[in-house]
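Asker: Below are the chains, spelled out letter by letter.
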Amino acid sequence: AVAALFACAGAASAETVVTMNTVQIFGTIDPAKISDYTDYMAAVNLYDGLLTVDSSGNLVPELAESWAVSDDAREATFTLRADAHFADGSPVEASDVVYTFERLFRINQGPANLFAGVLSAGSVEAVDARTVKFTLEKPFAPFLATIPAVFILNEDAVTANEGGDDGQTWLATNTAGAGAYTLKSWERGARMVIVRDPNYYKGFGDGPIDEVRWIVTNDEATVKSLAASGELTMTSQYQSPDTYKALEDMGRFNIAKEATATAFYLKLNTKVAPTDDVHVRRAIALATDYDTIREVILPGGELTTPLPKAFADFHNDDIPQVAYDLEAAKAELAQSKYAGQEIPIVLGYVAGTKFEEEISLLMQSNLEQIGFKVTQQPDPWNRITEIAGKVETTPAVNQVFFGPTYPSPDSMFYTQYHSNAAGTWASMEWVQDPEVDAMIDKARVTGDPAGQAAIYKELQAKLVDIQPDVFLLTQTVQHAMDKCLTGFKAVPMQSFDYDFTRYSWTCK
Amino acid sequence: MEFLSFLLRRVGWSLLVLVGLSMVIFFIARIVPGDPARMALGPTATAEQVEALNDKLGLNKPITVQYAYFVGGLAQGDLGRSLLTERAVNDDIRDTFPATFELVFATIFMAFVFGVPMGVVAANWKDRWPDTAVRLFAIFAAVTPSFFLAILLQVLAGYVLGVLPTTGRLSPDVVYTAGPTGLLIFDSIAQGRWDVLGDAVRHLILPATALAAATTGQIARITRASMIDTSRQDYIEAARAFGVPGWLRLFKYNLRPSFVPPLTILGLEFASLIGGAFVVELVFAWPGMAAYGIRTILQKDLNAVMGVVMVSGVFFVTVNLVIDILVGIVDPRVRIRGKRT
Amino acid sequence: MTAPLLSIRGLKVRFTAYGQVNEVLHGVDLDVPARGNVALVGESGSGKSVTMKAIMGLLRTPPAEITGGQILFRGQDLLTMRERERLKLRGTAMSMVFQDPMSSLNPVFTIRDQLATILKYADRRLGRDRSRAQRLARVHEVLAQVRMREPEQVAAAFPIMLSGGMRQRVLIAMALLSEPELLIADEPGTALDVTTQAQILKLLKDLVAERGLALLMITHNLGVVRETADRVYVMNKGTIVESATTGAIFAHPREEYTRDLMAAVPRLTGGHRYGTQGGRA
Amino acid sequence: MSAPVLELRGLSKAFRVRHGFMGRETREIRAVNDVSLTIGRGEVYGLAGESGSGKSTIARMIMGLTEPTAGTILIDGAPVAHAGQRPVQMVFQNPGASLNPRRTVAQSITVPLAVQGVGAADSAARVAELLEMVELPRHFAGRYPHELSGGQKQRVAIARALATTPKLLILDEPTSALDVSVQAKVMDLLADLGRDLGLTYLFISHDLSLMRNFADRVGILYLGRIVETGTADQVFAAPSHAYSRLLIASVPVMSEDEARARPTIPLIDGEIPTAEALVAHEAKQLSQGSKA
Amino acid sequence: MTDAGPITTLSARQQNWYRFSHNPTALIGTAIVILAVLAAILAPLITPYPEHVGAVVNFRARHTPPSAEFWFGTDNVGRDIFSRCIFGLRVSLTLAAVVLIIAVPVGTTLGLVAGYFGGWTETIIMRITDVALAIPPLVMALAVAAVLTPSLLNAMLAISALWWTWHARLVYSLTRQIRALEYVEAAETLGASKLHILFREILPNCLGPIVVKTSLDAGFVILLGAALSFLGLGIQPPTPDLGTMVADGAQFLPEHWWESLMPGTVILILALGFNLLGDGLRDLFDVSEQ
Ligand SMILES: Nc1ncnc2c1ncn2[C@@H]1O[C@H](COP(=O)(O)OP(=O)(O)OP(=O)(O)O)[C@@H](O)[C@H]1O
Ligand SMILES: Nc1ncnc2c1ncn2[C@@H]1O[C@H](COP(=O)(O)OP(=O)(O)OP(=O)(O)O)[C@@H](O)[C@H]1O
Ligand SMILES: [Mg+2]
Ligand SMILES: [Mg+2]
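Residue numbers (the working numbering), protein chains in the order written: chain A, 1 to 508; chain B, 1001 to 1341; chain C, 2001 to 2281; chain D, 3001 to 3292; chain E, 4001 to 4290.
It should be emphasised that the hints constitute simulated quantities derived from the structure, not laboratory data.
Only a predicted model underlies this, so the values are computations on that prediction, with no experimental measurement involved.
Where a beta carbon is used, it is the ideal one built from N, C-alpha and C, also for glycine.
Check before you lean on any hint, since a few could be wrong.
Computed from the model, here is a short list of chain D residues facing chain E with C-beta under 7 angstroms [claimed, not checked]: (1) Phe3015; (2) Arg3016; (3) Leu3065; (4) Thr3072; (5) Ala3097; (6) Leu3099; (7) Val3115; (8) Val3118.
Sequences and hints are given; from them, build the entire structure.
Answerer: Have a look at this one:
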């Protein structure tokens, strides 16, 4: 007993703490509202969903141990794990799942949009305590892929704190999930600390992470000095190359590089001059110095179509990489209706983002060589969201990142190219092409993966042909990580790679 | 009596200023680009969802109706909900204001404690080396942008010294929930938590220094100029003739009549620092209202923007009222002969 | 005869402005014996105030510059004395009444505050031990001595609240606070009504007679000189042109300049109405 | 004598002085108490009195720098306008304070000239002329106040007031800092101007010998009230109020003749009495006399 | 007759010039400012790489430390920082000069008027000032940025719209203090116009603090310009301005220190020049100084 006591005390003092910086603040931890990358980072640790996603984009069981989809793809049934329980010890039951979805539909924010026209109140039923059945209003092939985005709430805990607003106030600062971690403290805008729940139903592997501290800072110097003082364990994925270099030089860090499913585009507004002419768009693609961008400015992998190669089964490998060739660009431009004159063009990007400014300058210097007259237009993010709302205000060229919110190509195509999704920063191309819409819709109702793949490959060819974007690169994420920390693997679903149950501390 | 009526009048006017401010800012905040509902919901949200949220927030009502809602809420002390944090703006401000207040207060304290004596020293040894030193320092301090200084201090502390913490208000392993005021220094003293006090002060030093430099420089320069003007007066000479010692002459006889300009600048700074603290707060991950304000503005989180501006407006108006009264106290001539028909 | 308390020898002062030099004192000689009651008269701008400031060490250098001479106080040359030593004398051993009552009082402190501070540091230099209450009592006492009707209230006032004459009396009170040996008064009675002036002159005379104060009074009022001073120095254009006992000088002014001065004094009996056609020369 | 240039009717001024914490207690100082007087065109009215008796306050009220608590001020028979629009000028008691330290002598003197629309060239000439009038060398035009002696500042102030020809000129101790020979010249000048231009003066001074030779009529102010008024000759020859007698008796004089001309004051307790003591003494005697 | 000899026979203007030209700091300040202006005008002639101001990128030479080739090093896209600093003077100097030329007179006049007249005038002006001061600059800038197209002129307007308030407040306090003085009363009784009293009697006695504040402002304005560029208002890349260069370079601290330190030093020297000049002007107005 004495030994046990000592062991305990020893363990307590030898807690493994991971301190990570994040560049944005945590907006919310309410599963019905989480929407961005940072929100998911916290939620994926604090909550569990029915399914989750692994690094190859496969769906893997979490609260549900098994699931089945009916032949007509209109019904999905999940069976919950018998041993699954919430942080307060109560078991996870089908009614909790029903409650979670009903609440999501009522609030109609966050992941709710994934189910618009697919599920609504009453579509989710508890068959028995451990079985839930989803009835889809229309066939929706990517349905299963959207399931990990919804985290299951403890109905009893929330209704006890309902407070007239579906527990929104309460869940803004409290958690009621079955996740591996619980919230310890949260200073909005500055810091969040979560601690491991030793009773987590799935248990932990070797060298589990006991505590995770996120420090909100987008300042490179802060990150460097945190690292220098030994406080930092892991950086965000958004540091500058210099910072990675500096941290690597400290000796304590590994720089982990991973290709992701996030693509980086120059979105060309197909409805305004001069990018309304496909020859101009192709000329821009030819005048892009891919190597410099991918190797010097923003390390990244090849991107030949709108779809990153991470979607291996769906990627059209037949399309070659465009080569940087100013002569060819000039020739292409000569075919456009703007040929023979100085062509004014606006390059938009997010103000204050170093690499975007660099890319913009690089584009400017190349474009001016082939006869464009460039105006730079850096805008703060909020302004970009506004100008993206109208064709006329959307600049001709825009630098935009876009990554899948659920592990299906649909996430990439629908949001960016479908007419129904027009008017957001993700669709600054204003493609609005009936053919494209038809292909996206068709893929959505095609249950069989091979059939889907065929449609998506054709769609890629079509999109490359009309060239609404310059496909700059697929993002390579980099993290400087303490050499003792292992387990990071990129997952093609936002922030699921920061699920700290997947990490371990290998030093003693 | 007279003072009381003066005070009441000024408070009344201050309220009017706040009403004016609320109207101006209400309008301005709506000009700021961005669709709040769209930004809150993200790019994948459907148009219906955006519409629904706009409905819920009342953002598609005429602006006058929106303003009436806002004032109605304000009258009940309710600033509405923040889109960014999904919480009541009141709660957000209650959480973040003390941190900013503490920072600003520490800054003003430093600016005052260093700036004024530096100005005095420079004026007294005009054109000699202490003056040159102070002037150079003041110019350096005044034109070094606070973000630059913040980063510099942080790099210095992080790389070279490693003694002072570079982020947050308290170390993560200090277990403490702030008391009623939310001001760590004050609460920890009230509760006798000396360990917390020490930790809080150590956290405060770098951000406050980064923020204080420009103000200190300004105060030093203005104090110097004003002191030199006053030192020409006969009464300073008279004090010398009666053997009043040099330091007293300097810090009392000369400083007090010279105090109106530094006081005014200090008052202005006090308020504007709340707005300017955000860079420092961002660099030092300081959980303050300035950083919150910036985020909400960039997200066009209208309720939160209004809340932050109104709170800092109240603060500003109060500080300037106090300054105006102090000017009267510092220079009785303003009071006695100030009123004329 | 013992050496005088204050003795000025060949004092020369000049001002430099914009690179141009302007000598205003060309070698002033003047003695004030202990218990002496000396008057310095002379036309406006002749250098009286500058002489006095030189004695007190208040000339601002630059622009002023003492280019020659000695100022001996108790036989010691003030001009070569160390500043610290000199500071010890000011306000205690020697004291002065300023000419301009308005600008010589600090506008932002009450009279009481200013007087008590001066007294406190005079006490400190003299090693005198007095409580604050005692000092305030002394302040009120001196204010009463200079014929303030309500000393407490005057003490509580800011300078701006006092009339010209009251301010001048405050300045006199300031100089008398710590019972100096030498008092230099620059036109101490100009802003006072004659009754008060008479009383204050009497007070000063009494101090000379009873306490052994040495008084150097600068004035334009020859009537005042006649009724108070023992000895008169007449200054013109930066030099002393004549000096004699009061009786002698009023009986037989030697210098033309002195005679002119006396002739210009208006008479209480009237008969010399102003205006060139009014019959005056 | 023609219509009065200045008429004061029941003019009073009480200052409220605040004491204590945040000025909770107030006390009244009755600086001027029910003063009435008239000054006719071309007349010189001398106002004398104890220091602090309210002379400057009266002057300030006439100038519109201080609001009276009661009473009216009529200039040329009409109630007065704002300060600066009154046809009145004043030489302030404190020459040092009434000159702007940042303005040269010439700049200060040109102020009233500019008001009259005198051009730059003319006004330079006029400045030189005015400086000459007050016995200051021409080159003083470029000096700043701190470079002047007390008397020199006072002369600049006089020159400035003379730059225009106001209906009424208030002189608050205009020559207190001047030596007698300059004083004589300045007074001559003022008297000449008064006669030639028909100026009216309100002349405030402690120098009663000077007043005797300058004023036509004299008023004696004591504790904020006019206790005696009459022609200069009357008042000086036979002062009727106890305070006036004390005042005249205290004038320092140059000769024995003058000393003899001063009224004699009864000694109280073997001393020259203070003003209060004397006034109280006479009042007592008066009441005893009436009883007897 | 007084004849203490002339102190000086110089006119007020000659005296001012004397005081100014005998003040070493003022002369150094003037020299710095004149040099900066000259450098800005002659930038194309005196910079080694004038083309680096335009659309030039050279990623091979990025982040080069200071050397004989690049005196101040190169920035993140390989442009010569020295050349950009000198060209940056153009924008920064214009910005500072125009803003201060608009804001200081406006603020000063309003402060004078409010402080002197009191009553309703004071209430209205100062309460409007309070409202304007209470609006966070960033909110204001964002709103202006939303309405106006990005250009240097609009940036200057936006900053001026914020800046006058500071001077209004400062001058207001000073005026309240000075209007109680006797020489102001004297001028009033002399019938001097309000204009004269405000600008000739009161203003010269407030100039010390105003000049000092203004000369400090020059540096602040240049830096605020950077914040505006960040918000998309103001000057657009690749045109250089010093404030933006400092702000951008700060992201590369401490490794590539020259990228923000060099333009920072230029601002510093410029500010030093303005401040020394300001001190010189202050002494110029301080007539008892010789
Ligand atoms: N700071 C100064 N700079 C230049 N000249 C000065 C300065 N102070 C005084 N003077 C000049 O020195 C001379 C003597 O001045 P001082 O004040 O001693 O005269 P005064 O005899 O006291 O005259 P008054 O009786 O008018 O006060 C005057 O001509 C005056 O202009
Ligand atoms: N602003 C003020 N506040 C309070 N009391 C004042 C104020 N101004 C003047 N007094 C008081 O009013 C009374 C009259 O002052 P005033 O200046 O008129 O006297 P005076 O007759 O000119 O005296 P003197 O001959 O000494 O100049 C004095 O008791 C003075 O203290
Ligand atoms: Mg003198
Ligand atoms: Mg008076």
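Asker: Does each hint fit the structure? Answer for all of them.
Answerer: Against the structure, the hints come out as follows:
Hint status for D/Phe3015 relative to chain E: violated, with the closest Cβ pair at about 15 angstroms, above 7 angstroms. Checking D/Arg3016 against chain E by beta carbon gives a least distance of about 17 angstroms; that is not within 7 angstroms, so the hint is violated. About 5 angstroms separates the beta-carbon of D/Leu3065 from the nearest beta-carbon of chain E, less than 7 angstroms, and the hint is met. Look at D/Thr3072: its Cβ only gets to about 19 angstroms from chain E, farther than 7 angstroms, so that hint breaks.
For D/Ala3097, the interface hint holds, the least distance from its beta-carbon to any beta-carbon of chain E being 4 angstroms, beneath 7 angstroms. Interface hint status for D/Leu3099: upheld, as the beta-carbon distance to the closest one in chain E is roughly 6 angstroms, under 7 angstroms. Checking D/Val3115 against chain E by beta carbon gives a least distance of about 5 angstroms; that is within 7 angstroms, so the hint holds. With a least beta-carbon distance of about 13 angstroms to chain E, the hint placing D/Val3118 at the interface is violated under the 7 angstroms criterion.
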